[in-house]
Amino acid sequence: MMYKYFGFFLTAFLVIFVAVCGWIYTIYRQEKALLKELKSLNANKSELE
Amino acid sequence: MVGAIAVLWITVLYLVLSVTRIDPEQQMAQKIFYYHVPSAWTAGVAYLLVMIAAVLYLMKKDEKFDHLGLAAAELGTLFCALVLITGPIWAKPIWGAPWSWEPRLTTVLIMFLIYIGYFMVRNFGDEGERTRRISSVIGIAAFFNVPIIYVSVKFWAADAQLHPQPAMGQQSPDVFWTFMLSLLVFTLLFVHMLRYRVHILKLRSKVLKMRYDV
Numbered sequence: 329m330m331y332k333y334f335g336f337f338l339t340a341f342l343v344i345f346v347a348v349c350g351w352i353y354t355i356y357r358q359e360k361a362l363l364k365e366l367k368s369l370n371a372n373k374s375e376l377e
Numbered sequence: 020m021v022g023a024i025a026v027l028w029i030t031v032l033y034l035v036l037s038v039t040r041i042d043p044e045q046q047m048a049q050k051i052f053y054y055h056v057p058s059a060w061t062a063g064v065a066y067l068l069v070m071i072a073a074v075l076y077l078m079k080k081d082e083k084f085d086h087l088g089l090a091a092a093e094l095g096t097l098f099c100a101l102v103l104i105t106g107p108i109w110a111k112p113i114w115g116a117p118w119s120w121e122p123r124l125t126t127v128l129i130m131f132l133i134y135i136g137y138f139m140v141r142n143f144g145d146e147g148e149r150t151r152r153i154s155s156v157i158g159i160a161a162f163f164n165v166p167i168i169y170v171s172v173k174f175w176a177a178d179a180q181l182h183p184q185p186a187m188g189q190q191s192p193d194v195f196w197t198f199m200l201s202l203l204v205f206t207l208l209f210v211h212m213l214r215y216r217v218h219i220l221k222l223r224s225k226v227l228k229m230r231y232d233v
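Quick mapping for you: the protein sequence lines, in order, are chains A and B. Note that the working numbering has the first sequence beginning at 329, numbered continuously upward. Note that the working numbering has the second sequence beginning at 20, numbered continuously upward.
What the hints contain is simulated information worked out from the structure, not anything from laboratory work. C-beta: ideal position from N, C-alpha, C; glycine also. Any given hint might turn out to be false.
As the list claims (entries may be wrong) - Simulated pairs of lysine-lysine, DSS-like, Cα-Cα distance not exceeding 27 Å:
1. A:Lys332 with B:Lys79
2. A:Lys364 with B:Lys225
3. A:Lys360 with B:Lys111
4. B:Lys228 with B:Lys79
5. B:Lys83 with A:Lys367
6. B:Lys228 with A:Lys373
7. A:Lys360 with B:Lys228
8. A:Lys373 with B:Lys221
9. A:Lys364 with B:Lys83
10. B:Lys79 with B:Lys221
11. B:Lys83 with B:Lys225
12. B:Lys111 with A:Lys367
13. B:Lys79 with A:Lys360
14. B:Lys225 with A:Lys373
15. B:Lys221 with A:Lys367
16. B:Lys228 with A:Lys367
17. A:Lys373 with B:Lys83
18. B:Lys221 with B:Lys83
19. A:Lys360 with A:Lys373
20. B:Lys221 with A:Lys364
21. B:Lys80 with B:Lys225
22. B:Lys111 with B:Lys173
23. B:Lys80 with B:Lys173
24. B:Lys221 with B:Lys80
25. B:Lys228 with A:Lys364
26. A:Lys360 with B:Lys173
27. B:Lys173 with B:Lys83
28. B:Lys79 with B:Lys225
To be verified - Label-pair distances were calculated between CB atoms; the ranges are:
29. A:Lys367 with B:Lys173: 51 to 61 Å
30. B:Met139 with A:Lys367: 29 to 39 Å
31. A:Phe345 with B:Val156: 14 to 24 Å
32. B:Pro117 with A:Lys367: 41 to 51 Å
33. B:Lys225 with A:Tyr331: 45 to 55 Å
34. B:Val156 with A:Ala347: 23 to 33 Å
35. A:Lys364 with B:Trp175: 51 to 61 Å
36. B:Leu132 with A:Leu338: 22 to 32 Å
37. B:Leu202 with A:Glu375: 46 to 56 Å
38. B:Val74 with A:Ser374: 33 to 43 Å
39. A:Gly335 with B:Gln184: 22 to 32 Å
40. B:Leu227 with A:Gly335: 44 to 54 Å
Given only the sequences and the hints, what does the whole structure look like? Please build it.
Below you can see the structure in the form of C-alpha cells.
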C-alpha cells in the first residue's frame, strides 16, 4: 500500500544519499589526483638528485 | 567499516519503511525525521569537533588540528545543508510552506551562513598561519550558536514556535530504536568521512611541501 507523501520521503532520502555518495566520490577523485601528483613529484625529485 | 555502514544504512531504510508505525496525519512525510534529525545531530557533533580542534590548534600550532578542524567544518556544513534541504521537504506538505522564519530554522540558517564565512576565509586567505588562526577563531565563535539551536524550541515564546518539540522519550520502541540506529549510522558515516578527509588534507599538505621543494 502506498501511503500519502511518499514522494516527499523519497526526495529527502535521495538528497541525503546522493550528497553523501557524491562527497565520497569527489574525495576519492581528489585522492587519485593527489597520489598521481605525488608520484610525479617523487620522480622529478629522484631525477634532480 | 564501509561495508558495516552500508549494511546498517539498508537496515535503517528497511526499519523505516516496514517496521515503524505510520503517523496518521503526516504519513510518509513523518519518516523524513529518521534522516533529518540524525543529519542535525551529525552537524552538531562536527561543529563541536571544529571548536575543540580550533582551541587545540591555537594552543599547540600543530597542523594536524587544523586539518581536523577543516575536515569537521566541511562535513558539518554538508550535514547542515542536508538539514536545511530535508526540513523544507517535510515542511511543504505539513506546514503548507517550505520555510518559516521561526527560531530553530532561523538559528540553523545563521549557523550555515557563519560557516559560509569560515570557508570564504579559508579559500580567499593564503595557506599560511594567519588564515588558520582567523578560521580557528571563527570555528570557536560559531560553536556558541549550537546550544542556541538546541534550546531554541524552548527558549522563545510558544507562539513563535512551529518546529516540533523534542519528545523521543514518549515514542514507541519501534520508533525509538529505529531512530537510535539511524543516529548510530550517521555517526559512523561521519567518523568514516572525517578520517578520509583528514587523510586527503595530509596528502595535500605533503604535495604542497614537495612542490615547494622541487
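So, going through the hints one by one against the coordinates:
Restraint check: the Cα-Cα separation between lysine 332 (chain A) and lysine 79 (chain B) comes to about 55 Å, which exceeds 27 Å; the hinted pair is violated. Annotation: proposed proximity of lysine 364 (chain A) to lysine 225 (chain B) holds, straight-line Cα distance about 13 Å (limit 27 Å). A C-alpha spacing of about 41 Å is found between lysine 360 (chain A) and lysine 111 (chain B), which places the hinted pair above 27 Å, so the restraint is violated. Taking the CA atoms of lysine 228 (chain B) and lysine 79 (chain B), the gap is about 21 Å. The hint holds against a cut of 27 Å.
With a CA separation close to 23 Å, the supplied pair lysine 83 (chain B) and lysine 367 (chain A) stays within the 27 Å bound. Distance check on the hinted pair: lysine 228 (chain B) and lysine 373 (chain A) sit about 12 Å apart at the alpha-carbon level, within 27 Å; holds. Using a Cα cut-off of 27 Å, the hinted pair lysine 360 (chain A) and lysine 228 (chain B) holds, with the two alpha carbons roughly 18 Å apart. A distance of roughly 20 Å separates the Cα atoms of lysine 373 (chain A) and lysine 221 (chain B); the hinted pair therefore holds under the 27 Å criterion.
For the suggested pair lysine 364 (chain A) and lysine 83 (chain B), the alpha carbons sit about 23 Å apart, so the restraint of at most 27 Å is met. Restraint check: the Cα-Cα separation between lysine 79 (chain B) and lysine 221 (chain B) comes to about 17 Å, which is no more than 27 Å; the hinted pair holds. Distance restraint check for lysine 83 (chain B) and lysine 225 (chain B): the Cα-Cα separation of roughly 12 Å lies within the 27 Å cut-off, and the hinted pair is therefore satisfied. At most 27 Å may separate the alpha-carbon atoms for a hinted pair to count; lysine 111 (chain B) and lysine 367 (chain A) exceed this at roughly 51 Å.
A distance of roughly 31 Å separates the Cα atoms of lysine 79 (chain B) and lysine 360 (chain A); the hinted pair therefore is violated under the 27 Å criterion. Between lysine 225 (chain B) and lysine 373 (chain A) the CA atoms are separated by roughly 14 Å; this keeps the pair inside 27 Å, and the hint holds. Restraint check for lysine 221 (chain B) and lysine 367 (chain A): satisfied, since their Cα atoms lie roughly 15 Å apart, inside the 27 Å limit. In summary, the hint linking lysine 228 (chain B) to lysine 367 (chain A) is supported, as the alpha carbons are separated by about 14 Å, within the 27 Å threshold.
Straight-line distance between C-alpha atoms of lysine 373 (chain A) and lysine 83 (chain B) comes to about 25 Å, which keeps the hinted pair within the 27 Å bound. Among the hinted pairs, lysine 221 (chain B) with lysine 83 (chain B) is consistent with the structure: their alpha-carbon atoms are about 8 Å apart, no more than 27 Å. Simply put, lysine 360 (chain A) and lysine 373 (chain A) have alpha-carbon atoms about 20 Å apart, close enough for the 27 Å limit, and the pair holds. For a cut-off of 27 Å, the pair hint linking lysine 221 (chain B) to lysine 364 (chain A) stands: about 15 Å separates their Cα positions.
A hinted pair counts as satisfied when its Cα atoms are at most 27 Å apart, and lysine 80 (chain B) with lysine 225 (chain B) qualifies at roughly 17 Å. Restraint check for lysine 111 (chain B) and lysine 173 (chain B): the C-alpha separation of about 23 Å stays at or below 27 Å, so the hint holds. Between lysine 80 (chain B) and lysine 173 (chain B) the CA atoms are separated by roughly 39 Å; this puts the pair beyond 27 Å, and the hint is violated. For the hint linking lysine 221 (chain B) to lysine 80 (chain B), the alpha-carbon distance of about 15 Å falls within 27 Å, and the restraint holds.
Simply put, lysine 228 (chain B) and lysine 364 (chain A) have alpha-carbon atoms about 15 Å apart, close enough for the 27 Å limit, and the pair holds. For the given pair, lysine 360 (chain A) sits about 47 Å from lysine 173 (chain B) by alpha-carbon distance, which is inconsistent with the 27 Å threshold. With a C-alpha separation of about 38 Å, the suggested pairing of lysine 173 (chain B) with lysine 83 (chain B) is violated against the 27 Å cut-off. Between lysine 79 (chain B) and lysine 225 (chain B) the alpha-carbon distance is near 20 Å, which keeps this suggested pair within the 27 Å criterion.
Between lysine 367 (chain A) and lysine 173 (chain B) the C-beta distance comes to about 55 Å, which sits within the given range of 51 to 61 Å. Hint check: methionine 139 (chain B) to lysine 367 (chain A), Cβ distance near 33 Å, so the stated range 29 to 39 Å holds. Roughly 35 Å separates the CB atoms of phenylalanine 345 (chain A) and valine 156 (chain B), a value that falls outside the hinted 14 to 24 Å. Separated by about 48 Å at the C-beta atoms, proline 117 (chain B) and lysine 367 (chain A) satisfy the suggested range of 41 to 51 Å.
For lysine 225 (chain B) and tyrosine 331 (chain A), the hinted distance range of 45 to 55 Å is satisfied, since their beta carbons lie about 52 Å from each other. Evaluation of the 23 to 33 Å hint for valine 156 (chain B) and alanine 347 (chain A) yields a pass: the beta carbon distance comes to about 29 Å. At roughly 52 Å, the beta carbons of lysine 364 (chain A) and tryptophan 175 (chain B) sit within the given window of 51 to 61 Å. Between leucine 132 (chain B) and leucine 338 (chain A), the C-beta spacing of about 29 Å keeps the proposed range 22 to 32 Å intact.
With their beta carbons about 52 Å apart, leucine 202 (chain B) and glutamate 375 (chain A) fall inside the hinted range of 46 to 56 Å. Range check, valine 74 (chain B) to serine 374 (chain A): Cβ separation about 41 Å, and the 33 to 43 Å hint holds. The hinted window of 22 to 32 Å between glycine 335 (chain A) and glutamine 184 (chain B) holds, with their beta carbons roughly 27 Å apart. One distance hint, 44 to 54 Å for the beta-carbon pair leucine 227 (chain B) and glycine 335 (chain A), holds here, with the actual separation near 46 Å.
Going down the numbered hints, you'll see the structure goes against 1, 3, 12, 13, 23, 26, 27 and 31, while the others check out.
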